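Based on these hints, arrange chain B on the given structure of chain A.
Take a look at the letters that make up each chain.
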Amino acid sequence: MSEFVFLYRGGESGRSPERAQQSMQKWMAWLKELGQNGHVKDQGQPLERTGKLVKGKQKTVTDGPFPETKDIVGGYTLIEARDLAQAVELSKGCPILDVDGVVEVRPVMKMNV
Amino acid sequence: MEPSDHLFRRESGRMVATLTRIFGVHNLAMAEDVVQDAFCRALEVWKFHGVPENPSAWLMATAKNRALDILRRERTARTFAPELGRMLDSEWTLAPTVEELFGEPAIHDGQLRMMFSCCHPRLPEEAQVALMLHILCGFSVDELAGAFVSSHAAIEKRISRAKKVLAGSKRLFDVSGQSGLSARLPAVQRALYLLFNEGYHGASAESAVRAELCREAMRLTALLLDHALAATPATRALSALMCFHAARLPARVDAAGDLRPLFEQDRSRWDVNLIAEGQTQLDLSATGPELTEYHAEAAIAWVHTTAHGFEDTDWRMIVSLYDQLMAIHPSPVVALNRAIAIAQREGPQRGLEEIRAIANSDRLAGYPFYHAALGEFEFRSGRHEVAREHFLNALAFVRNPMGRRFIEQRMGACKVGSPVG
Chain A
1 MSEFVFLYRG
11 GESGRSPERA
21 QQSMQKWMAW
31 LKELGQNGHV
41 KDQGQPLERT
51 GKLVKGKQKT
61 VTDGPFPETK
71 DIVGGYTLIE
81 ARDLAQAVEL
91 SKGCPILDVD
101 GVVEVRPVMK
111 MNV
Chain B
1 MEPSDHLFRR
11 ESGRMVATLT
21 RIFGVHNLAM
31 AEDVVQDAFC
41 RALEVWKFHG
51 VPENPSAWLM
61 ATAKNRALDI
71 LRRERTARTF
81 APELGRMLDS
91 EWTLAPTVEE
101 LFGEPAIHDG
111 QLRMMFSCCH
121 PRLPEEAQVA
131 LMLHILCGFS
141 VDELAGAFVS
151 SHAAIEKRIS
161 RAKKVLAGSK
171 RLFDVSGQSG
181 LSARLPAVQR
191 ALYLLFNEGY
201 HGASAESAVR
211 AELCREAMRL
221 TALLLDHALA
231 ATPATRALSA
241 LMCFHAARLP
251 ARVDAAGDLR
261 PLFEQDRSRW
271 DVNLIAEGQT
281 QLDLSATGPE
291 LTEYHAEAAI
301 AWVHTTAHGF
311 EDTDWRMIVS
321 LYDQLMAIHP
331 SPVVALNRAI
341 AIAQREGPQR
351 GLEEIRAIAN
361 SDRLAGYPFY
371 HAALGEFEFR
381 SGRHEVAREH
391 FLNALAFVRN
401 PMGRRFIEQR
411 MGACKVGSPV
421 G
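Same order as they appear, the protein sequences are chains A and B.
According to the working numbering, the first sequence is numbered sequentially starting from 1.
According to the working numbering, the second sequence is numbered sequentially starting from 1.
Hint data in this document are derived by calculation from the structure and do not stem from the laboratory.
Okay, the calculated beta carbon distance ranges per label pair:
#1 R78/B <-> R82/A: 54 to 60 angstroms
#2 G168/B <-> D100/A: 34 to 40 angstroms
#3 T79/B <-> V61/A: 33 to 39 angstroms
#4 K164/B <-> T50/A: 27 to 33 angstroms
#5 R82/A <-> V272/B: 55 to 61 angstroms
#6 A231/B <-> D63/A: 50 to 56 angstroms
#7 G56/A <-> E206/B: 55 to 61 angstroms
#8 A29/A <-> R356/B: 55 to 61 angstroms
#9 R106/A <-> G168/B: 49 to 55 angstroms
#10 Q22/A <-> E99/B: 30 to 36 angstroms
#11 L84/A <-> P52/B: 33 to 39 angstroms
#12 T50/A <-> R267/B: 57 to 63 angstroms
#13 R72/B <-> T62/A: 20 to 26 angstroms
#14 A29/A <-> D312/B: 46 to 52 angstroms
Sample of chain B residues lacking proximity to chain A, with all beta carbon distances greater than 12 angstroms (derived):
#15 A81
#16 L88
#17 A222
#18 A228
#19 R269
#20 W302
#21 H308
#22 Q344
#23 S361
#24 L395
#25 A413
Treat the numbers as computed from the prediction; the structure is a model and nothing was measured.
Every residue gets a Cβ at the ideal spot worked out from N, C-alpha and C, and that includes glycine.
Looking at chain A on its own, in the form it has when it is part of the complex (with noise of 0.2 angstroms):
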């Protein structure tokens, strides 16, 4: 088994109250079952949209809310994976989809190469 990061970008929730429980009741589910198949290692934490930027030698700090809202990281969940295929074939399943939003997969980079 191999190890993956899911780090969900953007995704527009919609304005109405009933779409966003609908929303959050997909990804409880697909989050559930994701862990009961025993693919997550770790469920992750939400992110908030806001922060610091912290750059340069300068260290120069400049406050987000961060240009693109689709580039900006909601959130990320560590995913246990036979290998990548089958890493982004699990994440299709993603309700992030449905809303414009994107998921990246990202290779855990192992000690031993």
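Chain B only, in chain A's frame:
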């Protein structure tokens, strides 16, 4: 843990009403943004950490904290609710004031204020109903368009106009004063009545959507019942009326999804708890001198619930209640229902005579039940060809697919059925 059905939608109304009370009605959009923000946070946090023990309290606390941030940040640049005066200006009074307004009694009160505010006399009734559903019941423009079978653009326009009127009213309606409240209460009752009717007879294809409208109308009516000044005999009669009709909802549609008219319903499927609640409210409604159309309608619905079968129905009583209703609130629709009741007792021929005698019957031309009743009585009188014509007219105006199938079945009976007496 799974959040309960429509939790967000229901909480939306409670939060918007409470926040608007703090921010002021001119800042309605700001209140809506805070609520939207609270849902986004819930979505982000709950999907990773699960639904909290008390999701409703979590959402309210999130909205409260966000409100406090905004009040602290913008109190010099903006004016908030004039009713709260200087309470928001100093840190000493800010937090306790907001805390109190987020307490359960104040949330309840806030929803009532919003309900009365939505029934602004400058708004047409349909706009009042749409606004209540949007603000207090959390229905989005798309969901409203679905429920009313209207376009997104048309509903959007109706809502934004209504919000402008609401935001221009300076402050939320004060529900603590007897005279102001009594003056606006009939409009609120009327809007709730229309909301319930939209659910009962509405155009939406999905009976689930329509049942939700009925439920929301009953939930909002319950808020009136909990308020000493708003729980008048007329409000109780309105509540009784809703209970009796809602009790019949489970039997109104059969297993195949077809509409079952009253005379074909399986009465064992009527909801006995709702009937009991309706009876309690009807008893309580009989305390004052006032006799409203809700009293008469509730009494009619009650008589139906007391009959074991359609044949046992006390039609004499029902006709006399329709006579009363005609005296209080005459309308061609009431006259039509009265004619139908007369036909049940005295035969289809009498029904036809009564329908022909209705004043302003041209106003019924677009009402499908008018044509359906004519069709039914002609059918029962053995004139199938004439009946078919009437059913065909009914079909042109019928508002949902279930009603359409029902009329089509009656037309089918015209072809194959043998003439009745």
